Amino acid sequence: MRCSRLSFAGLVLCAGLLATGCTPGVQSVSIASGTATQVVSNQAPWSPLLNALDKSEAASMYKMQTAVNIQNGNLHTSFTVYGTIQQPDMASIQVHENNFNIAFYQQGEVAYQQDGTIWSPAQPVSNLNAYQTYRDVVEYAMAHHLRLVKMNRTYVVDEYCDVYRVVVPNGIVSLPLFLGGTAGANEAELSRHASEVAYVFYVGETSGYLRQVQTQSVAVVDSVGSLIMQTSTIFQDIDNAQLAKVQIPVSLVQQLEQGVQ
Amino acid sequence: MAKSWKTVGLWIWYVFWALFANAAYVWILRPLVDDLALYGVLAAIAIILLWMTSLKRPIRRRWLIYTLFVLMAAEGYSTLAFASKLKQALVAMGMLLLLWLLAILVGRVRPVASLLGGASVVIAQVFLPLNDWAFLTHFRVLQDAQVNLRVQNSPEAPFAVIPVSGGQAIITIDSHVPTKQELEQRAMAATDSPNALYNVLQTAHGEYEVVELKSVGGHLEKVVPAPQDLARVNPLDLVRAFFPYELANWYVENGRIYEYLTPFLTDQQAVEAALDPAAYPASFQAIANQASAKEIANWDDCLAELGVRPNRAGFYVSNDQLVGLGAGRGSTVSMQAESVVGVGHFTSASDLQILLVGDNSLHVYDIRERKIVATYQGSPENPVPNDIRIGPLVSGGRDAIFVNASPAYILTVSPDGTWKRVYTAPSQSFRFEAVLTGVKPYPEIVTNDPSYLRNSPVRYFSAYRFEPGHGATGQLVRVWRVFRTNVVNVTPLHLAGVSGEVLALDIYGTGEYLVISPTNAPVLPAACAVLAAIIVAGWLYRPRQRGEGDAR
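Protein sequence lines correspond, in order, to chains Y and L. Position 202 (the first sequence) corresponds to 202 in the numbering used here; numbering is contiguous. Position 423 (the second sequence) corresponds to 1423 in the numbering used here; numbering is contiguous.
The set of hints was computed from the structure by calculation and includes no laboratory data. Hints should not be assumed to be uniformly reliable.
[Claimed, not checked] Now the stretches of chain L that chain Y is said to cover, found in silico as 3 or more residues with beta-carbon under 8 angstroms:
1) 1038-1045
2) 1204-1213
3) 1292-1300
[As the list claims (entries may be wrong)] One-sided and incomplete, this derived list gives chain Y residues near chain L with beta-carbon spacing under 10 angstroms:
4) S78
5) N99
6) Y160
7) S174
8) Q254
9) L256
10) Q258
Nothing here was measured: the structure is a model prediction, and the numbers come from that model. Beta carbons are placed, not taken as given, at the ideal position from N, Cα and C, and that holds for glycine.
Make a model of the complete structure from these sequences and hints.
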């Protein structure tokens, strides 16, 4: 008697919740990445950062995960990238541009891009080394005797990192080829119309690789005003032949097997 | 006859309780939990227990179940979101009937009176959704309406405010689905490039129309904007949600402007940009420059097609020139800034001054003196965004500058041009939305900010007044808080036909917009008093043995 009453009450409760559309929510997963906040030394030597850069540039494979966040008024828009890269010419990348999703796969001279669900042939990207242009920042800063600041050691993904920060003018890093020489993209215009950029480098204490790079800057755009821009790039599974191996996407294999180019 | 009057009285009481129970939930119980965390939960439980003790045994179960029924019916209806009104009505009816049957079955509630009560909370929400009842404690809701948006690319209706005769109006976007014939026509006409047909068909179902929300007798109505009104718009105000990754493409048809979105970068370019993380700050600055130039050119082309020239309202910056000065607004002055925040009195209480933002800095330009009288420089670690509000801290005082960085802060500038940070927000998610100057006795600083106690970034629509401290900084003291989340784009407006300042605002992620006007009516204290009175009346009330429970 008591049991049937209870189950009746339970049934009623469930029916009521269903009728009003109450269901448990889903928790989102966040990326494990620390951010250094305090300056511990105002004058740090360049050699540890240079060594890390040398070692990272020579890495043969890694995963990267990046995010560009732009604050425009009360709104935030983002550009995020998940990629696996294997030097010199293999890569599998997903790009999320606000609400557009793009996938890209390359092996040697073969390259495909995916828009929605359909893969189509693409041009291979000539330089797949995502570490390389950080050298522009470090070299510029050293040549101009800019100050390298050391910040508090911070845990990134799976190890503690030494953290260095340097502030350089915008526009000193070589741009992707398609932007080179186009309107609004030359160095003079970039440095005049944007704030300086603070680069924060995270060097792994045990691995010796560059594990994370964050930037903070303000983009200044005609008729829009100042946009706060924050970017973060995390590298992981560096030189890990099991986890950072590039594989052909299953959907691409299926499509090509069906004879659709 | 006496009996039928009694029945009508009973029905009115049921309907009143249905509405009041929901109001008490939105105004009193939910805020307690939202603001005070565990203490609030305990307080809410205490209030509910207190109310339950006022229900005498013979009627307790019936009223408990009836109250649950009306709360669930209201909450359930408020979560319904169907594009089609018919579907919404059918599902609402189904939900209501199911809950009603359950209530009759379990609580043996009065069938007719309960159904009336349940229906009344649903019908009330046709006029004002349950979640927006929260505004009623401090505002009159002049309007609650909607534009149709695709929230994946435009989570909120953009507001480009323009001056019109008698007040202001808003230019925004509304989803436009072409008819079959229109689409056929357009598809057949797409012949001018290899991609033309693809472009037409791919974007056909994702188009927007540029519309105007214009005050007609104090009520905003969606109308086709006049070309002269469109000429006053800064088109970059319409694209914030997706700038610069997606490009708004505008075109004119039958005297109206339509908009469709395309990715700014080709897939190949996006991949190239993605693989050069060191260059992100420069790449996206360059992309933003190019997107802005393209959009302005595109908009100006549409204006030319409509037969008007750009005539942007107020002062603005274009190509490093501050435009709109002088008698005929024809003068310009060269300026290292990219946009105008607004006009106010920053260093002097008498001179009209323009606040500009650019290059990670703020500039105050004095119109009479014709020069910059103060400059504030941000740093890469503490940047100055374009998300800034202006308003006085005290009635009739000079204007302060409310900067929405993280954390947000308030700047003042003295007559000699020195800047002072007089307040820094205690929470990273604290935001300034507007400053209401038309209210007495002090200006109300309207914000969106989280609970001080809870470890949750959820923000509520609130207002503070500034209290100067002993040192350089001051404090914000809460004036009111409306427990509504997702309130964005809070825009003070003067509408033709409405006296005083009103606020237009969006509800994030819905396309819903409201126009509200501040009031001093003591709604919240009155609701608390009524609730207390009902509880006390319940204690005093003695039901007859048979237990009809009329007075409850």
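Hint check:
1. 1038-1045: violated (count 0)
2. 1204-1213: The restraint on the region 1204-1213 of chain L is violated, since only 0 of its residues have a Cβ under 8 angstroms from chain Y and three are required.
3. 1292-1300: holds (count 3)
4. S78: Since chain L brings a Cβ to about 8 angstroms from Y/S78, closer than 10 angstroms, the hint holds.
5. N99: Holds. Min distance 4 angstroms.
6. Y160: 22 angstroms, violated
7. S174: Holds - the Cβ of Y/S174 comes within 10 angstroms of chain L, reaching about 7 angstroms at its closest.
8. Q254: This interface hint is violated because 20 angstroms lies over the 10 angstroms limit.
9. L256: Because about 18 angstroms separates Y/L256 from the closest Cβ in chain L, which is outside the 10 angstroms limit, the hint is violated.
10. Q258: Nearest chain L Cβ about 21 angstroms off; hint violated.
In this structure, the hints that do not hold are numbers 1, 2, 6, 8, 9, 10, in rising order.
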